[in-house]
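Chains as they are written, first to last, in my numbering: chain A, 98 to 361; chain B, 120 to 295.
Hints were generated in silico from the structure; no laboratory data involved.
Careful, some of the hints might be misleading.
Covered, in the sense of this in silico footprint (three residues per stretch, anywhere, with C-beta under 8 Å from a C-beta of chain A), are these stretches of chain B [unchecked claim]: (1) 161 to 173; (2) 199 to 207; (3) 270 to 284.
Built from N, CA and C at the ideal position, the CB exists for glycine as well.
As a plain string of letters, each chain reads:
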Amino acid sequence: MDDEDPRPGGTDDGGDLLSRRTLVGGLAVGLTGAGVVYGASRLGSGADGGETTVDMRASDRTVTLAESGSGTVSVDLAGNPIAGAAGPAVTAYYWSDFQCPFCARFERETFPKLVEEYVAPGTLQVVFLQLPYIGADSRTAARAAKCVWRQVHESAPDRYWDWHTRVFEEQGSERSGWASRENLLGITGEVEGIDAGAVGTCLDDDAEAVAASVAADRSLAETFGIGGTPGFVLRNTGSGAMGRITGAQPYERFESAIEQIREA
Amino acid sequence: MDPGRLRGAGRDLARALAYPLTAWRRSLAAAAVAAGTFVLLVLSTFPGMTAEMLAADVAYLDDAVLLLVGNLHETTGPTGVALVFAYAVLTGVATVDVVAQVRLAGVRSAARLSGVAPGLLAAGCASCGAGVLGLLGFAGALAALPLGGTLLRIGGIALLVVALASTGDPRRCAVP
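With the hints as constraints, model all of the structure from the sequences given.
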């Protein structure tokens, strides 16, 4: 750096601080900051993926994901919604938090394309798991998801997808109250084929069971080092080879990871 | 606080902030450090994702930065983005001031600027903390702090500002 480059206007009395260069520099920093903040606000609002439908199904299987000296890691599929046909080449275990904006971004921008390219053709199935970490409303939403699945898993499993996507569409700011019990039941009441009153009853009467199911999902996430949402573990259904993806990464990254696991 | 001392501190802060603008090379160095700091802080908000994307291909760097800047705005709002930007700018200023101090008066004189370190650490940890804590298995720990860690960021930046105000222009000797 050049210390032999004094500014005009002196250096001693503070008046130099208002020199033209200082003012221009300060203005440039301010404008850059405003530009960064404005740009960030535009980056957050991604394109809508449009209407997507997917076949949901239930399973009563317990899948062993990994075995090691310290024990067996398994997931009980009975309490968890599954998107896609049985017997796919790859399974994605997908942890989300309904209050997480990055999850909403994945749901909006990437999930519809994954459904179209991999789930609908039967290559991929997605197991929905809960990892609520943004406060009490996130926990309520996770439990509500379990209650909704309990209600529809036998008679109309596709309704779960409607509910799940609707809740993400209604997402507001974190901790703003949009995911309170009352609001969630209001949203639930607007989803055709789901009895909001029964979901409310489930949240009260089956609180312990649904909380335990959410806790099992969280424990599984910890086992695989999923420290944020959205989080994914991809598994080759045949060979058992696994990989991890965290965050709302671009579709190309999911495509590449799925192909890699498929061939592993 | 004595109004005279307050005015003096304000004048010293302005001098410390203005010093990088006294030469183009200093300005560019401060801007480069600020830009690097901003990118690092943004990437560290979700280190797991950053590591996966960069391990797949370094060309994903711009995608990762844009995704995470957008996510930073969605999780902390314009205030959060502005605070990270402010922290990055102050880090650029502080770095140039420290280097000038060392060059002009030697390493020992930089002790005057050692007060910068707590602010750098506090604000930096608050800015990247959510991701780092998540990586350590404490997902949501920062989200549990008041205003999602915004207060901690403000506190860290305030420490940096106080440190810069106490040093002033690195070319001038401090008169106790």
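Against the structure, the hints:
1. 161 to 173: Holds: 5 residues of the region 161 to 173 of chain B have a Cβ under 8 Å from chain A.
2. 199 to 207: Coverage by chain A holds here, the residue count being 4 at a Cβ distance below 8 Å.
3. 270 to 284: It is violated: at least three residues are needed, and the region 270 to 284 of chain B offers just 0 whose Cβ sits closer than 8 Å to chain A.
The earlier numbered hint that this structure contradicts is number 3, and it is the only one.
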